[in-house]
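K.L.:
Can you make the complete structure from the sequences, with help from the hints?
Protein chains in written order, with this note's numbering: chain A, 1 to 470; chain B, 1001 to 1295.
Errors might be hidden in some of the hints.
Said to hold, decoys possible - Residues on chain A that point at chain B, a partial pick, calculated with CB under 10 Å: (1) Pro96; (2) His394; (3) Ser461.
Derived from the structure by calculation, the hints contain no laboratory data.
No residue lacks a Cβ here, since even glycine has one placed at the ideal position from N, Cα and C.
Read off the chains here:
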Amino acid sequence: MKEGPLLSETSAPAGMWRDGRPVYDRGDTVCVIGAGASGLAAIKNLKEYGFAVDCYERETGVGGGWNWRHDRSPVYATAHLVSSKPLTQYPDFPMPDSWPDYPHHSQFLSYLERYADHFDLRSHIWFGTEVVRAEPVGDGWDVTTRGARGGAERIQRYAALVVANGHNWAPKAPRYEGQDEFRGEVAHASAYSDPAQLRGRRVLVVGAGNTGCDLAVEAAQQAAKCWHSTRRGYWYAPKYVLGRPADQVNDLALALRLPLRLRQWLLQGMLRLTVGDLRRFGLPRPDHKVYETHPIVNSQLVYYLGHGRVTPVPDVARFTRTTVWLADGSSVEPDLVLLATGYLPQFEFLAPEILDPDADGRPRLHLHAFPRRYPTLAVAGLLQPDSGMFTLVHWQTVAVARWLRLRESDPQRAAAFWHGVATSPDRRWTQARVKDSTRHWFEVGHTRYLRALQKLLDDMSPAGSAEVAA
Amino acid sequence: MARPSRTRITRSREWIYPPPPVRREVLDAQPEVDEGKPPVLFVPGFGHGAWAFGEYWLGLTASRGFPAYAMSLRGHGASGSAPRSGLRAYAHDVVQVATSLSRQAVLVGHGAGALVVTMALARYPARAGVLAAPVLGGFGTLGAALWRNPGGTFPAIVGGPLRLNRRQLFSREVPAATARQYTARLGRAAPLAQWQLLAHRAAEPPVGNPPVLVVGSPDDRVVSRSALQRAAARHGGAPLLFPGMGHDLPLDARWREPIDAILDWLDKSAAGADRGPLLGYERLEPDRVADPDRP
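P.N.:
Below is the structure:
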């Protein structure tokens, strides 16, 4: 009956050994790594399907990257959601009606905390505990943990493992020629949290992701001077179109099943009419159609370009002592360079071959969630959707729970089902041909991805085969 | 009305047209000592407001150790007016109030509020669901209402208010004066919601596999005994019946019996401790898995 972190009651005395150390058997318990938004959904859904769950979280609170108190949190003071509430929230735990369309990150953290309390998830979480290693053994997993501030290692055996360690905490920072001689400050956006860091300085923001654009806007408001360096021309979508949150309008076009070409034509036309031709502000023309890169949602960047508070510049070429040289041969002299160049997924506790990486080291997973060789392993939240994330993560983790349940209750169907997963080809879940880059390989279109998940869920429902016939 | 057998996860309509925010009336009664029992949220039927539960059930529920809440759907009671709402907006109201509570809640719907609760159960993984004298709609309900009370029912067909009389709502044990007081407090549901009562897409199966109880009275003049049985069968059980009572179980003279039975059932099936998978998979007997979306 007892669940959660009361080991003395739950663990069988060690009867197994690994490298000379005892292994505590946790029986049918499922291990979840990380208590961020994805991990919480995993705990809740596994619990709902009757599993005992142990979750390890190296920080002392829930929320992962959304918890600004955490060292590795990427959020900055003025960060707001870029997708509206209905397309962002867990589908079974809507955000309050009294909140704005695009809540502030601190509201989102309180949302996650309320979710954890409402479904009583904290009793399953070991805070301040990090996972050092997770190794497959038979059908299960030996998980080695340690206090986040050191302490003895401990090995426990779990029936299944759900990896929900997030992908926005390991900064991806390019190295430029001459960067070491540069006398100004160079920092990754992850180190930025407070507008006071920009006040009165001459700031160069590198990168045109959602973070880069937010930082450029903040620098426009706070800094003495702001340059914004982008590699190519982008489409900047406003947060509202036609008086409604832009993603809701976009989903109307999706729900009407308008073909991609038509949607591209409509959205580009709408952007041309409302945002206008960005070349007037000195930005390059987008070299791709809309929907072919991760959407950038920022109403204010263009506004500050129009005020001359942001000066667009091309890609950075190299640094000298006081100067940053740009790709077109011009130069700027900032005293702070902020690299909003993104993050890389990292699974340092797993042997690399477990996630079946391709030549570039990118995990190859069915639906970005299921490694094809380890049926008791799943990755939650390794997605870059064109909508909010948590609706997708919710259904992903429901699928994981349902899959693990099916394995137990109906091995025959489970085997047939797994054969389908193991032999499924890699595919993208986007409609447009998305640019290939480190932030785009796990880009998904939310409707397309959800349709695939729906099929998965239906296939795994107890009356699955009968239902297909009906 | 075919019952959808699966939970649809692409919910474009809900994403594109979220119901507009509205002020919501919530009454509550707290137990003296927090015993860790789940909160119980009462959802009144059409025309009724939170007051219908505030009379008796709210206090009794709290006295038995459950934090008790009663809400008014939009356009009802002291909630904000919303003349153009439908059932989806009502279900949204229920989920909004349920998720605002500190723990996973039990949803108790009465009358057409039970229909709203079945829709809310398809969205929010409640601890348990209770359908009291559930009006799940359809033309049979309309026929019965037209037969009993043509004058009060007919206007609803053309978008006017549905006016149920005291003969439909209460047993003879309720003094006429009291019954008149209650009927005078009744409001109305939005026209769209009234029409949707006749024809709507049936609710998807409940999420999170909650136990569901149906209670009612065989002498209910709004919901027939066979309708109660059908409703209970959908959730794999039989209805709990209280002969001699009218439709408005929470306001009838013997209001104490059904609520005591509901709370007994909760104590047994869902309320126990506050932790662990109470509605665990392993509790399902095979023949209760009528619903393919359940694990």
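K.L.:
Check each numbered hint against the structure and report the violated ones by number, ascending.
P.N.:
Violated: none.
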